[in-house]
Amino acid sequence: MTDSAICVENLGKRYKIPAQRPSTQPMLRDALTDAVRNAFDRFRILGRRASVSARPRHTHVWALRDVSFNVPRGQILGIVGPNGAGKSTLLKILSRITEPTEGRAEIRGRVASLLEVGTGFHPELTGRENVYLSGTFLGMKRAEIDRKFDEIIDFSGVATFIETPVKHYSSGMYVRLAFAVAAHLDPDILIIDEVLAVGDVAFQRKCLAKMEDVGRRGRTVLFVSHNMTAVTRLCERAILVAEGRIQKDGAASDVVSAYLLSSLSTTARRAWPDPGTAPGTDVARLRSVRVRTEEGTTADVVDIRRPVGLEIVFDVLQPGHILVPAFSLFTESAIVAFTTIDLDPEWRQRSRPVGRFVSTAWVPGNLLAEGTLLVSVGLAVHSPPVSHFFEANVVAFQVVDINEGDSARGDWDGNVRGVVRPLLQWTTELQLVPPDTELSPDPLLGARKYPQS
Amino acid sequence: MRNDTDTSLVAPRTPHREDSVPPASEHPLPRTIIQPSRGWAPLNLRELSEYKGILYFLIWRDIKVRYKQTVIGVAWAVIQPLMTMGVLAVFFGHLAKVPSDGVPYPIFAFAGLVPWTFFAYGVTQSATSLISSGQLISKVYFPRLLVPTARVLGGTPDIALSFLFLLGLCWYYGLRPSPVAMLLVPAFFVLALVTSLAVGFWLSALSAKYRDIQHAVPFLVQLGLFATPIAYPSSLVPERWRVLYGLNPMAGVVEGVRWALLGTDNPLGIAMLISAAAALTLFFTGAFFFRRMERTFADVL
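If you read the sequences in order, they're chains V and Z.
Note that the working numbering has the first sequence beginning at 64, numbered continuously upward.
Note that the working numbering has the second sequence beginning at 300, numbered continuously upward.
It is worth saying that the hints were derived from the structure and are not from the lab.
Since we're looking at a predicted model, the values are computed, not measured.
Careful, some of the hints might be misleading.
To be verified - What follows is a set of in silico ranges between Cβ atoms, one per label pair, in the way DEER data are often shown:
id: 1; chain 1: V; residue 1: Arg-77; chain 2: Z; residue 2: Tyr-355; range: 32 to 38 Å
id: 2; chain 1: V; residue 1: Glu-165; chain 2: Z; residue 2: Glu-349; range: 48 to 54 Å
id: 3; chain 1: Z; residue 1: Val-370; chain 2: V; residue 2: Asp-249; range: 38 to 44 Å
id: 4; chain 1: Z; residue 1: Arg-345; chain 2: V; residue 2: Thr-227; range: 21 to 27 Å
id: 5; chain 1: V; residue 1: Ile-80; chain 2: Z; residue 2: Thr-455; range: 39 to 45 Å
id: 6; chain 1: V; residue 1: Thr-227; chain 2: Z; residue 2: Thr-455; range: 45 to 51 Å
id: 7; chain 1: V; residue 1: Arg-205; chain 2: Z; residue 2: Gly-372; range: 24 to 30 Å
id: 8; chain 1: Z; residue 1: Glu-538; chain 2: V; residue 2: His-121; range: 21 to 27 Å
No residue lacks a Cβ here, since even glycine has one placed at the ideal position from N, Cα and C.
Let the sequences and hints guide you as you build the complete structure.
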């Protein structure tokens with residue numbers, strides 16, 4: 064692999080965690096007492112008193128271990144995995160922010176790392192000043208920023224406020240400006256952590272489009288994301304990192320579906336036990352979402368022929384709102400299969416009292432195609448439109464067909480295309496004429512053909 | 300809700316085309332090797348100069364932020380030593396009748412306070428610089444030595460301004476320093492700069508790991524004020540102790556400035572060289588110590 068941009072061999076990172084008092088800073092006092100204690104221990108060994116003293120003062124945790132991979136120049140590599148799997152540690156090592164404990168990596172080319180939104184931004188400084196500051200930290204030369212400045216401001220859409228300190232910006236404007244700088248980086252290798260999770264959808268799309276553009280121009284991109292949609296769309300290849308090791312390396316769609324199906328990823332049920340951090344507003348909060356069978360059990364694998372229930376539990380905290388839950392189902396290649404809106408006549412056009420509501424949408428059997436489906440859920444008031452929460456990809460489930468001949472695939476066991484796979488009724492008529500007889504005229508077509516004569 | 304259901308963030312993917320990869324560029328790509336380092340690391344001055352853009356912006360940011368939303372702005376650079384001078388002049392000069400090597404006490408004190416204020420500012424700022432830049436350090440790579448360096452250098456406009464004020468004060472008191480002497484003063488300021496950087500490297504590297512240091516810094520600076528001939532002349536120090544006294548590089552700086560500008564006898568003599576040597580030793584050991592500690596910064600900040 065002479066043309067690889069990144070070459071990683073047996074990379075490992077070990078963190079030392081104080082065993083006795085976790086989460087406190089090491090104090091000079093401890094270093095001093097440790098030194099004294101160590102000297103004392105040594106003295107005891109000399110005095111032939113077997114020293115069992117060493118209650119370990121630290122425990123070691125491997126955040127990353129035996130990680131090896133190669134990224135050819137121009138490839139967009141997605142890195143997926145659960146939280147705390149070591150993805151960010153990997154990016155930090157490759158960005159030279161922290162050193163590995165073992166192993167080696169070789170990087171060919173200029174690297175820019177986007178590990179946070181607005182690297183180097185200072186709230187007291189104006190938008191213009193921050194563009195220069197952030198651009199410099201991300202590796203742009205001053206002349207380069209001068210040249211791209213107008214384009215950056217244009218892309219951000221905050222031109223009017225460019226002389227205002229960014230502490231007065233709305234969070235949306237802040238993010239836009241920050242990304243505008245990032246989107247105009249021109250490195251050989253771009254390392255991106257989960258930074259696209261913020262900002263509004265339209266702007267995210269703009270950034271991703273810009274990034275795709277970057278990839279097409281032959282830039283190498285390392286892209287960590289929990290957004291499987293983005294990973295499958297943007298990356299040709301992905302690696303799955305879990306427990307500090309690479310679990311799978313291959314085509315992005317394979318890796319993503321392996322990840323989604325493993326117990327590592329989103330499961331069929333998700334709950335927010337703490338009302339304080341649950342998504343929502345003062346009006347309503349999301350408490351749990353799950354995928355259920357008719358029998359009431361939570362299921363992450365469902366039979367293609369059986370109905371599947373999408374259940375949402377939410378608390379209404381303020382009376383008097385006409386609240387409508389809805390679900391959207393996405394396939395793993397990020398195509399929306401459909402959106403369903405609560406039409407339960409009982410609560411339609413009726414304001415809800417304070418209380419806990421459990422709503423279930425029933426997806427009939429023989430509707431969805433095989434594959435993994437990701438469920439997004441929202442709760443809104445329709446007029447005037449107010450969204451109380453919207454959570455993307457909260458739960459996932461897999462639709463399987465066990466090929467017993469009574470599903471829509473019939474006796475065919477090859478690939479069946481489509482997002483939905485309804486079991487449609489087919490009818491057949493055998494006409495008692497020889498095969499090469501002229502086709503009988505279409506009755507409707509015939510009627511149109513001679514309307515006036 | 301109904302406007303919101305579309306979360307597919309991206310346009311359909313265009314398949315990756317082989318021909319879209321540009322040919323290997325004409326100039327070779329920079330190569331970076333990442334591996335665990337052991338022992339003492341070199342200072343890597345070449346890399347430092349590659350990142351001078353970041354140094355410039357760090358300094359610029361510090362200065363800019365410091366004087367945002369202040370009413371009198373840079374006047375603070377003069378007011379601080381001036382007020383201290385007033386207090387010293389009343390209590391030490393007027394009441395305690397501390398000798399001032401034959402020049403008026405106020406200018407005697409002010410000449411010492413100009414480099415001292417710079418040093419005290421540089422040290423307090425740089426000692427906590429890594430902690431306060433923790434966010435930046437854990438998110439982007441650049442040589443970490445630039446962080447305390449920028450904080451110290453951020454004080455240079457202040458020292459320049461208060462130096463001009465000092466010249467005005469000289470003129471007011473009828474002192475006419477020779478042009479040669481004037482050229483020597485910046486040399487002593489450079490020594491003050493080296494000292495500030497040296498102490499800054501040591502304290503910032505230590506405080507990243509041991510947070511105790513940041514509590515000790517204001518106290519250490521206060522002690523330094525008494526161990527440096529600012530309120531009193533070093534001629535008060537017995538002759539045999541002066542070499543030891545010279546180990547404090549700031550003693551050399553202060554006496555040097557007075558000697559060059561006010562024409563006082565330099566009572567430190569040979570101890571001046573000791574001051575310079577001490578500053579350089581502290582500087583290089585500090586820089587290497589910093590480089591050694593550097594690799595753990597992102598993990599402890």
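Enumerate the violated hints, using their earlier numbering and listing them in ascending order. 2, 4, 6 and 8
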